[in-house]
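Chains as they are written, first to last, in my numbering: chain A, 1 to 348; chain B, 1001 to 1059.
Please note that the accuracy of each hint is not assured.
Claimed, not checked - Computed from the model, here is a short list of chain B residues facing chain A with C-beta under 8 Å:
1. 1001
2. 1040
3. 1047
Said to hold, decoys possible - Where chain B lies over chain A, by a calculated footprint (3+ residues, C-beta under 8 Å):
4. 78–88
5. 104–113
6. 133–147
7. 259–270
Treat the hints as calculated values from the structure; they're not laboratory data.
The beta-carbon is built from N, C-alpha and C at its ideal position, and this holds for glycine as well.
Here's the letter readout for the chains.
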Amino acid sequence: MPKDSTALLLVPTGIGAAIGGYAGDAIPVAKMISQVVGTLITHPNVLNGAGLYWPMDNTLYVEGYALDQFAKGNWHLQRVNSNRVGLLLDKGIEPDLLLRHLQVAEASRATLGLELSDYLVTDEPLEITLQTSASGASWGNITNPSSLLRGADKLINLAQAQAIAVVTRFPEEPPESIVLQNYRQGFGVDPLSGAEAVISHLIVQRFGIPAAHAPALNPLPLSQDISPKAAAEEIGYSFLPSVLVGLSRAPRYINKYQSNSISSADVDYVITPASACGGSALLSLASKGATIIAVEENHTQMRVFPESLGIKAIRVKSYLEAVGVIVSKNCGISLESLGPNISRLERL
Amino acid sequence: MSTHYISAEMDLQDTPLKVQELIESELTKHGEALRWAITQVDEETQKLTLEAIVIKEEV
C-alpha cells in the first residue's frame, strides 16, 4: 500500500475537543493515522500525555505557531536526529515543586538518554492568569512576558539550546471548582491549555525554534471519579516528561526550502474536528489543495464548519472513517465506489 | 511587551484565502497576531466572529 503521503492532524487546544481536549487523549488517533501515511505532522497538544507519550519515527512534533507559519509557506520543517533541550523554569515555582521538575529533567537524561542543556530560572515570576473567552475557549496572559523571553534567549545563546521546554507556575483551581471537576471527569474545556499556547507561541514567534510548555501545579487530592481521558495528569508530580520527549526530536524550522525539508505543498491531508475549521493553518492549507477531512464526532466549543467558510471538505463521523478516506485515496480508490449507490456517468 | 485578547466581528468572504487575508489585515491594526481563530459563523448575517491574542510592544 502506498504510504508516502503527508498528513496534518489538528486538534486545536483549549476549545474543549471531545477527543484530544484532555490529557494526551488523541495519542491513539495519532498512532493510528501514523500507520497509513509516510509523515504525520501534529502538535504538542495531541502528543503530550503528561508522563505518558508514544514516540513515533514518522511523526513530527510541531508547535502551533510554527504550524501556522508552516501552513502559510513561510517556514519549512527539517527533520533532526535530536535536539539539545533547554529547560526554562518560572521563578514563581516553589522550591519543592521546582525540584520535582529538575528531577524529571535528570531522569529523562538518565533513563531516555535525552540531551539537555543546563537549566535556567527566569529573573522574575511570570505570573500567569487564566481566562475564558466569549466562545468558551480558554486563554491566558503572562504578566512578565519579557522575563520569559530573556530566559529563552539565554538558554539559546549561552547554553546552545536548540529547543525550549518551559515550565510556568499556573494558578491553582480549588478542587471544588466546577471547571476543574468537569475537566477531571472528561467534560468541558481544559482551563490551562489556552494560556499554555500563548506561552509557547511567544517563544516560537520570537526565536523560531521548537518550544512547548508544561504547567507546574501541586498534585490534586486523590479522587475515584477521574475520567480515563484526564487520568494522565493525575499520576505524577509533573507534566514535563512528554514535553521533553517531544522536543528532543522536534523538527527545526527553516525559512529556506531544502530538498530534504517538508513544506506546506507536501501536505496531502488535514484532519480536523468538523466544528473547528476557523484556524489559520487550516485556512492556509485549504487554499493550497490539501484534502480536508472533517471529523464530526470530535465535538468542540467552536461553531465553524467547513462549508460556512467555503472550505471543500470530506465529512466523516469518526477518526476510524478518516483513516479509511486516507487509505482509499492513497490507493487510488474513489470514495464513491465504496458506497451502496454509484451515480451514472453523464455525457458532457 | 504585553499580550492582549481581541474579539471582533467581520464580514464573511467567499473564499478561505480572502477570509484569512481580511483577518490578518484587521489584526495588524491591534498589534502582532500570536494566535487567532474564527469561533462562529452566522450564515444568515454573513458575519464571522474572530478571537485573537496579539502582542503589543511597549513604546
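Hint by hint, here is what the structure shows:
1. At about 6 Å, the closest approach between the beta carbon of residue 1001/B and any beta carbon in chain A falls short of 8 Å, and the interface hint on this residue holds.
2. Among the interface hints, the one on residue 1040/B holds; its C-beta lies about 5 Å from the nearest C-beta in chain A, closer than the 8 Å criterion.
3. For residue 1047/B, the interface hint is violated, since its Cβ never comes within 8 Å of a Cβ in chain A; the closest pair sits about 11 Å apart.
4. Counting residues of the segment 78–88 of chain A whose C-beta lies closer than 8 Å to any C-beta of chain B gives 0; at least three are required, and the coverage claim is violated.
5. Counting residues of the segment 104–113 of chain A whose C-beta lies closer than 8 Å to any C-beta of chain B gives 0; at least three are required, and the coverage claim is violated.
6. Against chain B, the segment 133–147 of chain A contributes 9 residues with a C-beta closer than 8 Å to a partner C-beta. That satisfies the three-residue criterion, and the hint holds.
7. Coverage of a stretch by a chain is defined here by at least three residues with a beta carbon nearer than 8 Å to that chain's beta carbons; for the segment 259–270 of chain A and chain B the count is 0, and the condition is violated.
Consistency with the previously given hints fails for numbers 3, 4, 5 and 7, ordered from lowest to highest.
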